[in-house]
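Engineer: The residues making up each chain are set out below.
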Amino acid sequence: MSELLEIADRIAAQARPGEQVEAYVSRGTETSVRVYRGEVEQFTSAQSEGVGVRIIRDGRTGFAYAGTLDSGVLNEVLADARDNVTFGTPDEYAALASPDGVAVRPQSLWDERLEQCSTEDKVRLALDLERMTLAGDPRIRVDSADYADGAGEAAVVTSTGIRSSGRENGCYVSVSTLADENGETMTGFGFAVGRDPFALDSAKAAKEAVERATRLLGAGKPASRRTTVVLDPYVTAQFLGVISSTVNGEAVAKGRSLFKDRLGDLVASPLITLVDDPTDSRAYTATEVDGEGLAARRNLIVEGGRLNQFVHSSYSARRVGTVSTGNAVRGGFRGSPGCGCMAMQLVPGNRSPEELIASVDDGVLIQMVQGLHSGVNPVSGDFSTGASGLTIRNGSLAEPVREFTIASTLQRMLMDVAALGNDLEWLPMRATGLSMVIHDVTVSGT
Amino acid sequence: MAVPSPAAVALHPHLASPLPAGWVRVDMHSHTMWSGDSTTTPDEIIEAVAASGIDVLCITDHNAIKGAVQLTESLPCRVVVGEELKTHAGEIIGLFLSEHLPFGLAPREAAAAIRAQGGVVYIPHPFDPMRKNLSEAALDDLVGAGLVDAIEVINAKTSLRSLNAQAARYAIEHSLLAGAGSDAHVPDAIGAAYVEMPDFDGPAGFLESLRQARPVGHHWDAARPWRPRIIPST
Numbered sequence: 001m002s003e004l005l006e007i008a009d010r011i012a013a014q015a016r017p018g019e020q021v022e023a024y025v026s027r028g029t030e031t032s033v034r035v036y037r038g039e040v041e042q043f044t045s046a047q048s049e050g051v052g053v054r055i056i057r058d059g060r061t062g063f064a065y066a067g068t069l070d071s072g073v074l075n076e077v078l079a080d081a082r083d084n085v086t087f088g089t090p091d092e093y094a095a096l097a098s099p100d101g102v103a104v105r106p107q108s109l110w111d112e113r114l115e116q117c118s119t120e121d122k123v124r125l126a127l128d129l130e131r132m133t134l135a136g137d138p139r140i141r142v143d144s145a146d147y148a149d150g151a152g153e154a155a156v157v158t159s160t161g162i163r164s165s166g167r168e169n170g171c172y173v174s175v176s177t178l179a180d181e182n183g184e185t186m187t188g189f190g191f192a193v194g195r196d197p198f199a200l201d202s203a204k205a206a207k208e209a210v211e212r213a214t215r216l217l218g219a220g221k222p223a224s225r226r227t228t229v230v231l232d233p234y235v236t237a238q239f240l241g242v243i244s245s246t247v248n249g250e251a252v253a254k255g256r257s258l259f260k261d262r263l264g265d266l267v268a269s270p271l272i273t274l275v276d277d278p279t280d281s282r283a284y285t286a287t288e289v290d291g292e293g294l295a296a297r298r299n300l301i302v303e304g305g306r307l308n309q310f311v312h313s314s315y316s317a318r319r320v321g322t323v324s325t326g327n328a329v330r331g332g333f334r335g336s337p338g339c340g341c342m343a344m345q346l347v348p349g350n351r352s353p354e355e356l357i358a359s360v361d362d363g364v365l366i367q368m369v370q371g372l373h374s375g376v377n378p379v380s381g382d383f384s385t386g387a388s389g390l391t392i393r394n395g396s397l398a399e400p401v402r403e404f405t406i407a408s409t410l411q412r413m414l415m416d417v418a419a420l421g422n423d424l425e426w427l428p429m430r431a432t433g434l435s436m437v438i439h440d441v442t443v444s445g446t
Numbered sequence: 001m002a003v004p005s006p007a008a009v010a011l012h013p014h015l016a017s018p019l020p021a022g023w024v025r026v027d028m029h030s031h032t033m034w035s036g037d038s039t040t041t042p043d044e045i046i047e048a049v050a051a052s053g054i055d056v057l058c059i060t061d062h063n064a065i066k067g068a069v070q071l072t073e074s075l076p077c078r079v080v081v082g083e084e085l086k087t088h089a090g091e092i093i094g095l096f097l098s099e100h101l102p103f104g105l106a107p108r109e110a111a112a113a114i115r116a117q118g119g120v121v122y123i124p125h126p127f128d129p130m131r132k133n134l135s136e137a138a139l140d141d142l143v144g145a146g147l148v149d150a151i152e153v154i155n156a157k158t159s160l161r162s163l164n165a166q167a168a169r170y171a172i173e174h175s176l177l178a179g180a181g182s183d184a185h186v187p188d189a190i191g192a193a194y195v196e197m198p199d200f201d202g203p204a205g206f207l208e209s210l211r212q213a214r215p216v217g218h219h220w221d222a223a224r225p226w227r228p229r230i231i232p233s234t
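Sequences listed follow chains A and B, in order.
Counting in full-length UniProt numbering, the first sequence tops out at residue 446, every number present.
Counting in full-length UniProt numbering, the second sequence tops out at residue 234, every number present.
Hints were generated in silico from the structure; no laboratory data involved.
Here a beta-carbon is modelled for each residue, glycine too, at the ideal position from N, C-alpha and C.
You may find that some hints are simply not true.
As the list claims (entries may be wrong) - Computed Cβ-Cβ distance ranges for the label pairs, DEER-style:
(1) A:68 - B:227: 26 to 34 Å
(2) B:14 - A:254: 34 to 42 Å
(3) A:270 - B:227: 27 to 35 Å
(4) B:202 - A:119: 30 to 38 Å
(5) B:205 - A:68: 57 to 65 Å
(6) A:124 - B:223: 41 to 49 Å
(7) B:118 - A:350: 55 to 63 Å
(8) A:124 - B:165: 38 to 46 Å
(9) A:75 - B:165: 50 to 58 Å
(10) A:68 - B:140: 49 to 57 Å
(11) B:205 - A:181: 42 to 50 Å
(12) A:374 - B:202: 51 to 59 Å
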């Protein structure tokens, strides 16, 4: 790690008068294994390292990168970035982040057991997952069983005083299932996420993947009505992904958010407290520093239903006259940072999913939605998406249903949240799931 | 041959080109609301087909044939019932189908199932990773096993011409018939790509005519305006 900082130091130290220089230096590895019918179908093991240099002068930004840390190349990258400044369009808000006094919150984001996991062990995890899944039910086929991991370390140094670094690793297994009966095929999936591959709960992933597919067999269309829906944790996480784009400071600065003029307003049920918390090390996307090198932090987006804040990088913050919330995100050394939520999470309720379902007389458990992103109107907040799940009748799960839509608006849906589960589920995405009960959603079936 | 409307020609200028007598325009790849990721209703597709002047529309919904069967009688053009099937290693189209095929099969099983009901095995967007293409290994395997009838050398949604060109080279190198289609997920896309070929009757006649076909088309992938979804029974 110190070597990455040293490299970044050397580059940033070459800032000329009137220039701001940022060096982002990173190294990483990733592995993915896909098995099919007891054989390894795909195996990818990749390493990468590189440096991205951003220079800002007179409001113009130049950027260049190289996929190497070879000392002979670093000055070339710096020179290229400097050349590219002349092509940049002046932007009065363009600037690098500066230290903001927020201390980095140390986390446990690195597990040595992942480093010690052999290739054979990783393949075995995927094979075991496929085997356990197939053993779960004779009607099940496995579409794919995967193991994936990643490890990365990065350093950011700027001529404006930022000097930070961090590292994290993580892994997950996932399985996609197909269940066949009477000429129909239903799909399911299961995940297990962590940092220690030997502690991944593959049995749970397999069980869920089997249940999700088989319990939909024989599904029909539900009656059209306005009713209560209970979102499965994975579906809730998908909705949080959509909501995250509406609280993104860059979207707000450009006037493209539903909530751009709603700060301080009641925008959700009082039950809703929504945080973006990359400092919770249980999240797959947890991190200590953001893409500009500022400390990652717990941001309270919605508190008791009231819209408390948006998330910002230093750039989006400058555009709207506020400060960064440590939400600069970048995809690696090949690009400049943007703005985004990092680890969305609803503060859980105190009831189990079973208790939530028991509280519903008539409703639908939404197990899966299809095409949610294209199903949401980003301007109006209207959404309409295909769904499948299980009928809830008198507090119990009943017959499966599919080929229906659920529709509402994001604004109305947030206001109509009636209960949250205590079943936080960690997923390989930038949002965490839990069960959520929503009243008065339009179900369109027969 | 139906006459395309000025509005359709404005969208897809190649529709204005003359067609030899006895030839037809066949869009070998299109979707409707039965696909799940398209919102095109029957009324919209009737209007779009009439505007484009397409003579034969292969309706190849994702993992479904119900819409294609239902539209056979109502469209102002002939319909080939097809299905774009998700296999374990990417997508395969079956044309001239009479039965719905299950998805998630291995590619060989899927191709064999298409052939078993007298269908045509057609490989869509074979090199476009943005379109859930069949893996190259699976494609080579299927071609080696003699289980491919045609591959798509113009897919109107494929944004890189080089990927369509790669498919055309592959077709020549492996003596495969070349097809083209709009991959329409919105009504206005009908007419974006098709083959011009002598008229035909049934799958055998189709393959025979396809030997003389001229793939025609351009990249056309306009964004869909948001609208509420309709989820028909599949």
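Engineer: Run every hint past the structure and note whether it holds.
Structural biologist: So, going through the hints one by one against the coordinates:
One distance hint, 26 to 34 Å for the beta-carbon pair residue 68 of chain A and residue 227 of chain B, is violated here, with the actual separation near 48 Å. In this structure, residue 14 of chain B and residue 254 of chain A meet the distance hint of 34 to 42 Å, their C-beta atoms being roughly 37 Å apart. For the hinted restraint 27 to 35 Å between residue 270 of chain A and residue 227 of chain B, the CB-CB distance of approximately 33 Å keeps it satisfied. Evaluation of the 30 to 38 Å hint for residue 202 of chain B and residue 119 of chain A yields a failure: the beta carbon distance comes to about 52 Å.
Taking 57 to 65 Å as the suggested C-beta distance range, the pair residue 205 of chain B and residue 68 of chain A conforms, at roughly 58 Å. Between residue 124 of chain A and residue 223 of chain B the CB atoms are about 44 Å apart, so this pair conforms to the stated range of 41 to 49 Å. Take residue 118 of chain B and residue 350 of chain A: their Cβ atoms lie about 60 Å apart, and the range 55 to 63 Å holds. Judged by the Cβ atoms, the range 38 to 46 Å given for residue 124 of chain A and residue 165 of chain B holds: they are separated by roughly 42 Å.
Here the CB-CB span from residue 75 of chain A to residue 165 of chain B is close to 40 Å, at odds with the stated 50 to 58 Å. Residue 68 of chain A and residue 140 of chain B have their C-beta atoms about 34 Å apart, which leaves the hinted 49 to 57 Å range violated. Restraint check, residue 205 of chain B to residue 181 of chain A: a C-beta distance of roughly 37 Å breaks the suggested window 42 to 50 Å. In this structure the hint that residue 374 of chain A and residue 202 of chain B lie 51 to 59 Å apart at CB is violated, the actual value being about 37 Å.
Comparing the model with each numbered hint stated earlier shows that hints 1, 4, 9, 10, 11 and 12 do not hold.
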